[in-house]
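Participant: Got chain V; can you put chain S on it based on the hints?
Number of protein chains: 2
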Amino acid sequence: MAKSVKKKEEPVILVTNDDGITAPGIQALVEAVKGLGKVVVVAPDKPQSGMGHAITIGQLLRLQKVNFPGDVEAYSCSGTPVDCVKLAVDKILHRKPDLCVSGVNHGANHSINVIYSGTMSAALEAAIESIPSVGFSLLDYSIEADFSAATKYARLIVQQLLEGRSLDKHLCLNVNIPASPEKLIKGIKICRQAYAKYEEEFDERKDPTGKKYYWLTGEFQNFDKGRDTDVWALKNNYVSVVPVQFDLTNYELKEKLEKNWKL
Amino acid sequence: MAKSVKKKEEPVILVTNDDGITAPGIQALVEAVKGLGKVVVVAPDKPQSGMGHAITIGQLLRLQKVNFPGDVEAYSCSGTPVDCVKLAVDKILHRKPDLCVSGVNHGANHSINVIYSGTMSAALEAAIESIPSVGFSLLDYSIEADFSAATKYARLIVQQLLEGRSLDKHLCLNVNIPASPEKLIKGIKICRQAYAKYEEEFDERKDPTGKKYYWLTGEFQNFDKGRDTDVWALKNNYVSVVPVQFDLTNYELKEKLEKNWKL
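The listed protein sequences derive, respectively, from chains V and S. If you want the numbering used here, it's the 1-based position in the first sequence plus 5. If you want the numbering used here, it's the 1-based position in the second sequence plus 5.
The shape of chain V in the complex, shown without the other chains:
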């Protein structure tokens, strides 16, 4: 009985990101999901790009209620994107939200970037905690990026999920949107993660005292010829959707080791 009453309640949508609560991308995402449920924002108080699945151990965390455009309930958090999800559930919502959306990230999170991305780690954290989730990223790093196509597709996908189609409690989607005018985007493609990565080279410099220091830099390279990958889809002006899992077991290799290891 209690359950059926709950079903009719407005869904709760938790919004977070890794670019920080003041980033235009998170405002675009809130815009996208507005009206589809009760929206609560809990996002880092500063940029947290490249934080991966970091959590804060050995340091305290702060939460601060903040103003957010459109009168949306919002909190900034001193921790990582993953901390934001954990704190939101335990200390703000006091329940699991019905959906967690993360982004819209300023920059691509396709291929191997899913592993480094704070945006996607927040989404994956939600999925681990049995909260269906989606991370959205636009292939444009600039602060003035045009989020109109991202907003449109984010709304479409969230609507679809809230209607209950294919909604698994551990569902986690990595959605990337091409940096193209909306009318040029051909639609959505369900993809696998490409084996494509940055080939790093560190930029070596000397400080005024003569001591060396390094900047991470690199060039993106696609080693994957597949036409079913996120990189291919984006290159061909599709929105890419990769379902993501947190069971990292390599079952193929597991079988091989069971047969071949002499230990």
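Don't take every hint at face value.
Identical copies go unnamed one by one, so any copy, or any two together, can satisfy a pair.
As the list claims (entries may be wrong) - The calculated SDA-like cross-link candidates involving lysine to any residue, where the alpha carbons are at most 25 Å apart (straight line), are: (1) K174 with Y256; (2) K174 with D252; (3) K261 with Y200; (4) K96 with T27; (5) K188 with Y200; (6) K96 with D233; (7) K101 with F225; (8) K267 with L167; (9) K216 with L98; (10) K259 with D103; (11) K51 with T222; (12) K211 with E224; (13) K174 with G223; (14) K51 with Q64; (15) K267 with S185; (16) K101 with F228; (17) K261 with Q250; (18) K267 with Q164; (19) K240 with D252; (20) K157 with S83; (21) K267 with E15; (22) K174 with W266.
None of these hints come from the bench; they were simulated from the model.
Facilitator: Structure of chain S alone, referenced to chain V:
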């Protein structure tokens, strides 16, 4: 011709961790692999537990040559465990090592912890870069932990890998060692990652000015009844070995979405 000459060269073994270069665990791991190849240590200059797959963006990185017990070539790095691997390849070794080992971590990295662990993220980074790798973790958080069983099994596993059995360039193993006396350990089990995780609760406190702050805390819970998991193996006094992959695509869900989505 050049290739066959290279084969006869001593293998290069890169050693890193997330507890920092002064942790007893990394000394135990260096002890374990000593004599099996040319050993080079590149590890964080401070503890980096829970850093996941974080990389340093927007901040410079430093490398410092340091003394390490047993006259081993060693460098401390101001960045994350993943930064250590990237910097080691580009700026210290100037080549890919033949193997990367990470740990021995002070504390468990079984089940979902593989995702939060800096130790395992360093190993996974190596695998992404086509360097076979193993992360080792001992189920004892204390600084005075007894690493003798860990050292024995780490050496066994590394020897096996260097002999070329099942050596894949993207191989990444997550090895956990029970906190039991060596004679009670029953051997090695190849496992899958358990669905087991910390159920978080934040400890809410007030600072001297009355403002709230939070500490992450939680209780470990195993939701997985399987007898083929790492958690099961460790509970039954086996060393657990989980082969880990960096393709996070959920292929089962991908198929389901391709059939069911109306977008």
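Participant: All hints are to be evaluated individually against the structure, with a verdict given for each.
Facilitator: Outcome of the hint check:
| no. | hint | in the structure |
| --- | --- | --- |
| 1 | K174 with Y256 | both (22 Å within a copy, 16 Å between copies) |
| 2 | K174 with D252 | both (14 Å within a copy, 21 Å between copies) |
| 3 | K261 with Y200 | both (22 Å within a copy, 22 Å between copies) |
| 4 | K96 with T27 | within (22 Å within a copy, 36 Å between copies) |
| 5 | K188 with Y200 | neither (29 Å within a copy, 43 Å between copies) |
| 6 | K96 with D233 | neither (41 Å within a copy, 35 Å between copies) |
| 7 | K101 with F225 | between (37 Å within a copy, 19 Å between copies) |
| 8 | K267 with L167 | between (50 Å within a copy, 13 Å between copies) |
| 9 | K216 with L98 | between (49 Å within a copy, 20 Å between copies) |
| 10 | K259 with D103 | between (35 Å within a copy, 21 Å between copies) |
| 11 | K51 with T222 | both (22 Å within a copy, 23 Å between copies) |
| 12 | K211 with E224 | within (23 Å within a copy, 47 Å between copies) |
| 13 | K174 with G223 | between (36 Å within a copy, 21 Å between copies) |
| 14 | K51 with Q64 | both (16 Å within a copy, 14 Å between copies) |
| 15 | K267 with S185 | between (54 Å within a copy, 23 Å between copies) |
| 16 | K101 with F228 | between (39 Å within a copy, 18 Å between copies) |
| 17 | K261 with Q250 | both (22 Å within a copy, 14 Å between copies) |
| 18 | K267 with Q164 | between (52 Å within a copy, 11 Å between copies) |
| 19 | K240 with D252 | between (28 Å within a copy, 20 Å between copies) |
| 20 | K157 with S83 | neither (30 Å within a copy, 42 Å between copies) |
| 21 | K267 with E15 | between (57 Å within a copy, 23 Å between copies) |
| 22 | K174 with W266 | between (36 Å within a copy, 17 Å between copies) |
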